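Student: Here's the letter readout for the chains.
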Amino acid sequence: AQSVTQLGSHVSVSEGALVLLRCNYSSSVPPYLFWYVQYPNQGLQLLLKYTSAATLVKGINDFEAEFKKSETSFHLTKPSAHMSDAAEYFCAVSVSGAGSYQLTFGKGTKLSVIP
Amino acid sequence: DAGVTQSPTHLIKTRGQQVTLRCSPKSGHDTVSWYQQALGQGPQFIFQYYEEEERQRGNFPDRFSGHQFPNYSSELNVNALLLGDSALYLCASSLEDGDFLYEQYFGPGTRLTVT
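So the sequences go chain by chain: A and B.
Counted from 1, the first sequence has number 34 at position 34 by my numbering; the numbering is strictly sequential.
Counted from 1, the second sequence has number 222 at position 107 by my numbering; the numbering is strictly sequential.
Everything labelled a hint here was simulated from the structure, so no lab data went into it.
Treat the hints with care, since some could be wrong.
[Stated by the list, open to error] Partner residues aside, some chain B positions facing chain A, computed with beta carbon under 10 Å:
#1 Phe184
#2 Leu198
#3 Ser201
#4 Ser209
[Said to hold, decoys possible] Take a look, some chain A residues computed to stay more than 12 Å from chain B by CB distance:
#5 Val19
#6 Arg22
#7 Lys69
#8 Glu71
#9 Glu88
Quantities reported herein were computed from a predicted structural model and do not represent experimental measurements.
All residues carry an ideal CB built from backbone N, CA and C; glycine is no exception.
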């Protein structure tokens, strides 16, 4: 079975500073990895995904993530935080192969951006 | 192009009652998944429907059941409601293509409160 651990339930950064949200996964087979963002009282929006192509994945709004197999990590970064980035971020894992279609989410990291 | 839509937006029920939540997938999508997101937690997979059949199920009791219609829309039914069923219920749609899981697109969710 696969699992995701997000380190830090709450991260605060200053506007313009680097954003780093950490995600480690556990999977016995090659995983697909995703980052989603959730604004208050809304559903989830896909930021980016890793599906075994390039290890450095670029997403929307200047977010990117790097898949590191040796570290079983998929950390999310953004060079310069904007006030509009304040939201909750979820890392999720899925595995390929018949019968394994569910997304397994981490508990989320709430990002606050300080003006 | 309409995204994933869910109804109703909010719902208040009493313990022991039954509830039905509805989901229309994104245009062109044929697979619907349901997730439960308790307050402060990541979404948890309930089940997934494809070709009108439940394809995979998470760790939820039989009180949770579903249905997919020929037009790919779906319903989630919960019987004998418990206080612990209070949560945001998210519907996600995706496109089945061989062994690959394309990204899941989420609706805004239905907020269920059980009193």
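Student: Hints first: check each against the structure and report whether it holds.
Tutor: The hints, checked one at a time:
1. Phe184: For B/Phe184, the interface hint is violated, since the closest Cβ of chain A sits about 20 Å away, which is over 10 Å.
2. Leu198: B/Leu198 check fails; min Cβ-Cβ to chain A is 21 Å, beyond 10 Å.
3. Ser201: Since the shortest Cβ distance to chain A is 15 Å, the answer is violated.
4. Ser209: holds, 8 Å
5. Val19: holds, 19 Å
6. Arg22: Holds, since 15 Å exceeds 12 Å.
7. Lys69: holds, 19 Å
8. Glu71: The assertion about A/Glu71 holds, with a minimum of 21 Å to chain B.
9. Glu88: violated, 9 Å
Figure legend: structure checked against the earlier numbered hints; hints not met, in rising order: 1, 2, 3 and 9.
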